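Per this note's numbering, numbering of the sequence shown is gapless, rising by one per residue and ending at 471.
Misleading hints may appear alongside valid ones.
[As the list claims (entries may be wrong)] Now the in silico label distances, taken between C-beta atoms and shown as ranges:
| hint | residue 1 | residue 2 | range |
| --- | --- | --- | --- |
| 1 | Glu336 | Leu148 | 24 to 30 Å |
| 2 | Tyr9 | Val287 | 42 to 48 Å |
| 3 | Ile153 | Tyr9 | 19 to 25 Å |
By construction, these hints were calculated from the structure, which means they are not laboratory data. No experiment lies behind these values; they were computed from the predicted model shown. Think of the CB as a built atom: it goes at the ideal place given N, C-alpha and C, for glycine as much as any other residue.
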Amino acid sequence: VDPDLPVYYRWLCLVSIAVLYNLIIIIARYVFWELQNSKLSLWICLDYVCDVIYLMDMFVQFKTGNSYLEQGIIMTESKMMKQNYMSKAIFKIDIMSVIPTDVLYFFVSTNLVIIRLNRILRFHRLTEFFNRTESQSSRPNLIRISTLMAYIIIIVHWNACIFFQVSNWLGFGSDNWVHPSVDPVAPDGTFNPNSTLLHIYLFCFFWSTITLTTIGDLPVPERNEEYIFMILDFLIGVFLFVSIVGKVGRMLTNMNANRSEFQQRLDSVKRYMEVRKVNKELEKKVVKWFDYLWNHNHSLDGEAALNILPSKLKAEIAINVHLGSLKRVAIFKECEIGLLVELVLKLKQTVFSPGDYVCRKGDIGKELYIIKNGKLQVVGDDESTVYATLGEGTVFGEISVLNIAGNKNGNRRTANIRSLGYSDLFVLSKEELWQSLEEYPDARSMLIEKGRQMLRKDNLLNDEVFLFLFI
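Produce the entire structure from the sequences given, and follow the hints as far as they go.
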């Protein structure tokens, strides 16, 4: 079983539900007897469904080579994966979690659900599920916060159950600290509304919450047992509070790290413009450009962020992102894949602000452009006449980077191209193209011939010059 497959993740989700069931329900059924007795048949059925899931999960782990490497190679042989799983401490824990302690029901009451407490030893699968969800999610911080809240609720739930059990041992309503009486009949002979299961649990959960967070005004303990319980609760609460504050603080820091770095860059640029007396209109334009980058999830150092990856993975990401765009360029359609991959790694992304000119008529063509997002306008020399609007996927400038002899335009731009709004463009420079073509002479000849055909079609090729240079 490949642990990276969606089916494994879905299975892990099912196992986690079984673990959560045992983690929350077992202690609640043992403590709140009304909960246990009201749906006894249902609970027994669910218990054994979870046991079957646990057993099947062990079989899945026998077949999962998720962490078994032999000299850097993931082992997929069934026998070796089985031996690897059985050699780990986690296997012993899993065995302990499926020990059929239910046989003790024959000797004690079925209400003694606590004998199934060994089922919570499969907790590590719930942790794995949370970790995988975090790693696969596009919003990991949200998953981290949700996971933290789940752990907190579980701890508060357990503490609430223990408080109710301690109150039972000491006697309900025997003093001000313990849980009030749960007798359905009040002293005056009327129905006691506080004796319902829902109210009892909410009272205990509320008590547990304000105790562990140390924010509530609680009754003072009166007996030694109560003092011991409160001391332990306060110690757990302090530890829990410190852990939560630390973890949330780290998450908030991570969430704001990119924004802080981005803001520092913007502040530096603004200070520079202030010192250099840059006019307000240009300063406003620069600030808007930064806002666009942030609001559209762009990075100032997108390429630098990928430098941490191995060159192979970095290349695969670049191919996945850019190869489709490069294949849309007419002159590159029949090129071998090796050249396209090399060119993909040389593409750079740039952003143009509204009104920026990508190129002007008469400029020497040094780059090929592919529009990733946004719209560009082909405008006249008067800067008001619009001849055409270019959209996503449009390519221009491919002829100028080929240095075709006999080009009547002399590798100069033939039109003014202006950004209508904010536009994202991929750019391939002439130097990097020819550097790649040195290793692909056949492709170079083919590209030049394609370019000549395109120029000839538009009557922009002087064949006499071409023949003079290549005879």
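We went through each hint and held it up to the structure:
1. Glu336 with Leu148: 24 to 30 Å: Violated - the Cβ-Cβ distance for Glu336 and Leu148, about 51 Å, lies outside 24 to 30 Å.
2. Tyr9 with Val287: 42 to 48 Å: holds, 43 Å
3. Ile153 with Tyr9: 19 to 25 Å: With Cβ atoms ~23 Å apart, the hint holds.
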